[in-house]
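What follows is each chain in one-letter form.
There are 2 protein chains.
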Amino acid sequence: MKMGIARKSGLLNEKELEITEKYTVEELLKQLKDGTLSSLEVTIAFSKRAAMAQQLLSCLTETYFPEAQERARFLDSERASGRIVGPLHGLPISIKDAFQVAGSAATIGFVSFLDHAASKENSPLVDILLELGAVVYVKTNIPQTMMANIAGSIRIPALCCGTYGFKPSTARIPDGGQISPVSAGNNFFNPSAGPLANDIQALGILCRSLLSVRPALYDASALDVPWRSLEVPPSAPKLRLGLLAEDSAFPLHPPVKRALAQAVSALEAKGHEVVPIAPARTQVANALALAFAFFMLDDTPPTHVAASGEPVVPSVIQSMEVFHSFKCDFLDDCKGLEGIKKLAALNVKRDAIQDEWRKIWKEQKLDGVIGPAAQHTAVAHDTYGLPPYTLLLNVLDYPACVLPFGKASSALDAEPFVMGPGQVGPSYDPKLVDGAPTAIQVFTNKMRDEECLQVSAIIDECLKAV
Amino acid sequence: MKMGIARKSGLLNEKELEITEKYTVEELLKQLKDGTLSSLEVTIAFSKRAAMAQQLLSCLTETYFPEAQERARFLDSERASGRIVGPLHGLPISIKDAFQVAGSAATIGFVSFLDHAASKENSPLVDILLELGAVVYVKTNIPQTMMANIAGSIRIPALCCGTYGFKPSTARIPDGGQISPVSAGNNFFNPSAGPLANDIQALGILCRSLLSVRPALYDASALDVPWRSLEVPPSAPKLRLGLLAEDSAFPLHPPVKRALAQAVSALEAKGHEVVPIAPARTQVANALALAFAFFMLDDTPPTHVAASGEPVVPSVIQSMEVFHSFKCDFLDDCKGLEGIKKLAALNVKRDAIQDEWRKIWKEQKLDGVIGPAAQHTAVAHDTYGLPPYTLLLNVLDYPACVLPFGKASSALDAEPFVMGPGQVGPSYDPKLVDGAPTAIQVFTNKMRDEECLQVSAIIDECLKAV
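Taken in order, these protein sequences are the chains called A and B.
FYI, the working numbering numbers position 399 of the first sequence as 665, with every residue one higher than the one before it.
FYI, the working numbering numbers position 298 of the second sequence as 564, with every residue one higher than the one before it.
Just chain A, with the same shape it has in the complex:
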């Protein structure tokens, strides 16, 4: 949409373009609260834009435009009567298809799920968003088998689209009551829900707002841990950051490498300290192997594909092929194990990866770590491969934030790049991705979600000044 299509289309008036482009979420909320903007006009503006995106990209599975407008009118009348429903009063929010909205479908990318009955109840997250005053207006699509779901369903869209995305620690944000592709009770390797937005402060606003109502009272799977208010950092805080550099098995495309190097320079120029973490310690490849071993414990997702006879999409086939060709001896001693003994052995491996990172935090006294979010930028449709750099943080169960920074440039990175022997990943085609957003990833220790967003905001401010 940054290609200017919304403006050129003539379907949005000047004020609607302004509403959808000019404001941070904080600014929108302020104006919704003081009445400078009505929820109705904000909802219509974002609905128009979502409808255009849908026509270009088929990115939506459900639209609730009439219902959203009715809700926006209600919120506007509440405000007119002096009642602000909650901290998200009047704000349109899109939700991922896996969350349930009573009366509509949640097909999570399976043709066979089209036959399922409509959801009878809202997921707890949806109920909470409504209680906070939000307007739910669309549901967004999901990859087949949700293969890349637990691996970066927040961060991968963010890095591909040049927006901000935040994956919290598991169970901070209530994610119960979703339609899942795996068997019920398979909670051995959990996803986590979190926000995408066009500004970094919005991520914290959403988390803080959600946690203000004690989500554990709505969703028993949510941790009953309050969102912490951190001390305001000094005006020029100096961070000590680890640098998770390129893993030799998963080389970075030149634009991603350049963006990361530029980010490090910018941070150091502002007086932040950046400490490289020895590649042998980062566990990127081990984590990838381990996560896939966890995924393969459950054989349900392929049955949902097979149920309708729909074809498996190329990127899923390709990911599995690449994964099977990928050599990693980390799990060699789990071979031959089955069932619960296998699961327990994988848990031991996960403990080992988490313990290595624990030592890094303790020895290095880091405020956070920066690194790549992926080997590449957005790629051609249905060719997104393995997600080693996002998946690491799922294995660690760490909060992780993707920050947009820079763009791919066929002028600056003119040479194509092809993976060598023992290396995994798609090739780099300078012309194909010219202008695509690049991004970095920031993470902290598990349950330090508040610190992750604070450190990310400091880094983001620094990078924006570049």
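Hints are computed from structural coordinates only; laboratory data are not their basis.
One should not assume that every hint holds.
Chain copies aren't distinguished; within one or between two, either way the pair holds.
[As the list claims (entries may be wrong)] Below are the EDC-like pairs computed for lysine to aspartate or glutamate, each with C-alpha atoms no more than 20 angstroms apart in a straight line:
#: 1; residue 1: 314; residue 2: 387
#: 2; residue 1: 697; residue 2: 681
#: 3; residue 1: 628; residue 2: 387
#: 4; residue 1: 628; residue 2: 648
#: 5; residue 1: 299; residue 2: 587
#: 6; residue 1: 625; residue 2: 393
#: 7; residue 1: 607; residue 2: 564
#: 8; residue 1: 607; residue 2: 565
Use these hints to put chain B onto chain A, whose structure you have.
Structure of chain B alone, referenced to chain A:
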């Protein structure tokens, strides 16, 4: 030791009796800090008392008396030089045998483990205690197969001995690096570590102190969630408490029933509100059945018993017999499942129990819940049966505190009581348990450990005034 044996023995001088009987932990720490008491004299006093307890009860597996005195001398010299090592400076603390102390054994109640090599490293908790200034002076014993471990290894000793015990939510207190009876990676139903003490404030002091060093930096299995300082409640706070009453399958012995009723009366007399929870909702029996199903997923503990040829102790045999005779249809639809599918089905059942309690919290707006900690008081040696009232809180993963309140009395509860058809539990023999401490249990929602201790302290203050 309340039988006066320590005093009658003549082995402790008047000051040592005073040190071990008169002070709260807060008072001891204050005097250790200001030098009114030396760590050496406090350590010797508690060591003498532990040595006597050992001769009476065989309650210890390791003693570190010379090492503890050397450490106490070091801490005293540090203090003399103006250095207070940490918030637990100079305080002797005993630890459970499963925790490792480098150079000594951790046999966790198995004869076969006597052949194991001594621990090479301290468990993270031990390292943290030392960093906080504590003196580790003894290790305490554990039941065979640790059958009652995950079921109340803190709370059961507390209720039997008339002390305070606090089981936090899982992973709040670092419990990694313990010797475990189950297979590595079997983390499907986790224990949690926590303190026992003679005063309730001590429980919070220990938790707050431990969390002050960020245990997650020492133990990757610990949640990196700070201990929250709660607002000081008003001087006469009014609580709204749920009452978890007797479950019909697990009747309470008359002294326990009387103590609970008396506690409710005392709380109501002080203006607290006590709201009975419908017995059909409390899930006591379902939780017991479910927990045992989780335990039986791992067949390792019996092999550790068999390895030495030692006999299985009567209470373990009896518990299993009683459990197998206990009728509960909650898991009927899990029958026939094996391996990971069985585990996933049990997770679904656990979710259902947790969700029922979530609804109770949301509907009833409770500050906490009070109920029995066990059906009975301490019982004759090796006859402790099933632990339904403690185990419920493990299934829920809720923080739970045992508060001593009252005593069994053959005068007040003169009639013996025998379980009827469909009821489970040992018989009540008024003469046998005359004078044994009775207790109540207090719990809050998971991860609300701070609130659990605050509510417990308010209740304790009220009950002490009875």
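task = Please name the hints from earlier in the document that this structure breaks, with their numbers sorted from lowest to highest.
result = Of the numbered hints, 1, 4, 5 do not hold.
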